[in-house]
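> The listed protein sequences derive, respectively, from chains A and B.
Quick note: the first sequence, position 153, residue 153 per our numbering, numbers continuous.
Quick note: the second sequence, position 74, residue 74 per our numbering, numbers continuous.
Simulated from the structure, these hints should not be mistaken for laboratory data.
For every residue, glycine included, the Cβ atom is placed at its ideal position computed from N, Cα and C.
Among the hints, a few may not be true.
Derived list of chain B stretches under chain A, where covered just means 3 residues or more per stretch with a C-beta under 8 angstroms from a C-beta of chain A [stated by the list, open to error]:
1) 53–62
2) 69–83
3) 115–124
4) 185–193
Restraint ranges, calculated between C-beta atoms of paired labels, are given here [stated by the list, open to error]:
5) A:Gly87 <-> B:Phe74: 50 to 56 angstroms
6) A:Val22 <-> B:Pro63: 32 to 38 angstroms
7) B:Pro63 <-> A:Gly175: 33 to 39 angstroms
8) A:Ala166 <-> B:Val245: 27 to 33 angstroms
9) A:Leu95 <-> B:Val245: 39 to 45 angstroms
10) B:Leu248 <-> A:Glu226: 45 to 51 angstroms
11) A:Val134 <-> B:Ala265: 40 to 46 angstroms
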Amino acid sequence: MPDPHPESFAHSPHARHAARAVTYVRTMIAFALVWAGLAAWTHNPVLLPSPLAVLQAIVDLAGDLELFQHAAISLGRMVLALVIASGLAVPLGLLMGLHLTLDEIVDPVIEVLRPISGIAWIPLALFIFGVGNVLPLFIMTYAAFFPILLGTIAAVRSIDRNFIAAARTMGVDRGTIITRVVLPAALPAIMVAVRLGVAAAWTAVVAAELIGAPSGVGYAVEWYRELLMTPQVMAFIATIGVLGYLCDRAVRVVAERLTPWAAETMARA
Amino acid sequence: MGGGNDGARMTASAPRLSRTLALPLFLLAIWQAWGLATGSSRTPVPTKVARAAIDLIASGDLPIALLVSLGRVFAGFAIASLVAIPLGLAMGAFRSVERNVDPLVESFRPIAAIAVLPLAILWLGTGTPAAVAIVAYAAFFPIVINTVAGVKRVPATLVRAAATMGLSRWAIVRTVLVPGALPSIAVGMRIGLGIAWTAIVAAELAVGAKAGGGGTGGVGQMMFVFYAYSIELNRIVVCMIAVGVIALLLDRALRWVVRALTPWAPR
Numbered sequence: 001m002p003d004p005h006p007e008s009f010a011h012s013p014h015a016r017h018a019a020r021a022v023t024y025v026r027t028m029i030a031f032a033l034v035w036a037g038l039a040a041w042t043h044n045p046v047l048l049p050s051p052l053a054v055l056q057a058i059v060d061l062a063g064d065l066e067l068f069q070h071a072a073i074s075l076g077r078m079v080l081a082l083v084i085a086s087g088l089a090v091p092l093g094l095l096m097g098l099h100l101t102l103d104e105i106v107d108p109v110i111e112v113l114r115p116i117s118g119i120a121w122i123p124l125a126l127f128i129f130g131v132g133n134v135l136p137l138f139i140m141t142y143a144a145f146f147p148i149l150l151g152t153i154a155a156v157r158s159i160d161r162n163f164i165a166a167a168r169t170m171g172v173d174r175g176t177i178i179t180r181v182v183l184p185a186a187l188p189a190i191m192v193a194v195r196l197g198v199a200a201a202w203t204a205v206v207a208a209e210l211i212g213a214p215s216g217v218g219y220a221v222e223w224y225r226e227l228l229m230t231p232q233v234m235a236f237i238a239t240i241g242v243l244g245y246l247c248d249r250a251v252r253v254v255a256e257r258l259t260p261w262a263a264e265t266m267a268r269a
Numbered sequence: 001m002g003g004g005n006d007g008a009r010m011t012a013s014a015p016r017l018s019r020t021l022a023l024p025l026f027l028l029a030i031w032q033a034w035g036l037a038t039g040s041s042r043t044p045v046p047t048k049v050a051r052a053a054i055d056l057i058a059s060g061d062l063p064i065a066l067l068v069s070l071g072r073v074f075a076g077f078a079i080a081s082l083v084a085i086p087l088g089l090a091m092g093a094f095r096s097v098e099r100n101v102d103p104l105v106e107s108f109r110p111i112a113a114i115a116v117l118p119l120a121i122l123w124l125g126t127g128t129p130a131a132v133a134i135v136a137y138a139a140f141f142p143i144v145i146n147t148v149a150g151v152k153r154v155p156a157t158l159v160r161a162a163a164t165m166g167l168s169r170w171a172i173v174r175t176v177l178v179p180g181a182l183p184s185i186a187v188g189m190r191i192g193l194g195i196a197w198t199a200i201v202a203a204e205l206a207v208g209a210k211a212g213g214g215g216t217g218g219v220g221q222m223m224f225v226f227y228a229y230s231i232e233l234n235r236i237v238v239c240m241i242a243v244g245v246i247a248l249l250l251d252r253a254l255r256w257v258v259r260a261l262t263p264w265a266p267r
C-alpha cells in the first residue's frame, strides 16, 4: 500500500539512511528495554541475563580475543567450503545447462541427494571423518553445493539464446563461447545462487560445529551452555547473526564488483 | 526446468528412461562393489541398507520416529504461520508497522535456528517443546518475508480502486491484500516447511548428542543413537534416505495444496 504520509525529508538518500538508522536504533532500544524488564522480572541470570550482562560478555570475549578466534575459524571453514562448492558446482552447472543429455544423466542423482539435508549427513560424516575440521567442511560444502548448482543451471538456461547463436555464426569456438558469452551472461544469477549457498552453508556450519567440531562459533555456543554461562551463549548467538549478515553483505559486494552490469538484478534478489 | 512436465515425464521414451536410470544404477553398483571390496562388516552397502530399511519399517521404529518428527514440524510450522502471516500482513499494509518491526526481523533473521537451540534447551528442556520452538523460529522468517513481499506486490491501483469504492481499511486488507498476497504467502510457507524439516532433524540430532541418550524420539534422535550407541551405519543411511523422502513429499504435497488453493497465481 503506498504510504499516505510520505515523510517530507525522506527524499535525499542521505536523509533516508539517517531516518532508517534512527528507526533501527529506536526499535532495538525498545527491544532491549522489554528484554531488561523481563530479565528483572524473572530474576534468574542463568535463564535470562540482562542485556547489559550480555554486552559485558561480548566485551570480555572480544577483549581476550576468544570471540575473534572462534569467528575466524568458522569464517575460514566457510570460505574454504564456498570455494570448493563453487569450484565443483559452477562448472558442472554450466555443462548441465548447455548439454541436455548430460543434464538428463546427472539430474536424477542430484534430485535424489538434494532433499537429504547436509545436517542429515552429520551422523554418517561423524563416523567417517570423526570430530574435527573435515566434518564441518564437508557438511558446509554439501549444503552450499546444491543451491549453487541449481542456480547455475537455471542461469545458463535463461540466457538469451540469440547471444550464443550470434557468437556461433561469427565462428567463435565452443570454449570461447562459454568463457566470453555464457559465463558473463549467467554470472549475475550465479552470484544470487552463491548467496543462497552461503546462507545454507552458514546454517550448516553452526549445526556441524555444535555437534562435531572442537572449535568455531557453534562449538562455543554449546560449550558455554554446558557451563550454564548464558551471557556468553547469547554473545556467541549474536556473533553468529552478525557474521551471517556480514557474509551475505560480502557476497553482495563481490557480486556488484564482479558484475557491475547487473546491479539491478542483485538489488531485487 | 522442472515444473509442469510431469505428464511428459510419465510417457518418457525408453532411451530417456535409460539415461535417467544409468548414473544412479552405476553409482549404486560402484558403492556395492566398493563396500564388499573394503570388507569391513560395518561398511554400508545397498543390499544391507535395503535389509535394514525393511527391518526398521517392519518393526515400526522408523515410521514412529518419522511421525514424532512430523508432528513436531507441523506444530512448530502452525505456530510460525499463525504469528508470521498476520505480522507480515500488518507490515506489508502499514508502513509505520514495517518501519518499526523490520529492524527486529532483519536482526534475528541471520541467526540460524540451530544457533538458538542451546537457548531453547536451557529454557524448555530437551523434550518436544524445545524442538517445536526451533521449528517455529526457523519457519517464521521465510513466511513473514514472503508475506510482506506479497502484500507489497499487490498493484496499488487495486488498493486505490477499493478505497475509492468506500471500503474500510480493514475490508481492503481482507478482500484485496490477502487474496493478492496469497500466492506469495504460499511460497513462503513452502520454503518455511522445507526449512522446518531440516531444522527438526538438526534439533533432534543436537538434542540427542547433548542430552545423552535419554531422548524423546524423532528421526534425528534415532540417527544419533545409531551413530553413538549401536554403530549401525546401514540404519543411519536408511534414516538419511527417509529424511530425504519426507522432505520431497512435504514439498510436493504443499505445492499441490498451493496450486489447488490459488489457481489464479502465475507460475
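> Of the numbered hints stated previously, which ones are contradicted by the structure, given in increasing order?
Those not satisfied are hints 1, 2, 4, 5, 6, 7, 8, 9 and 10.
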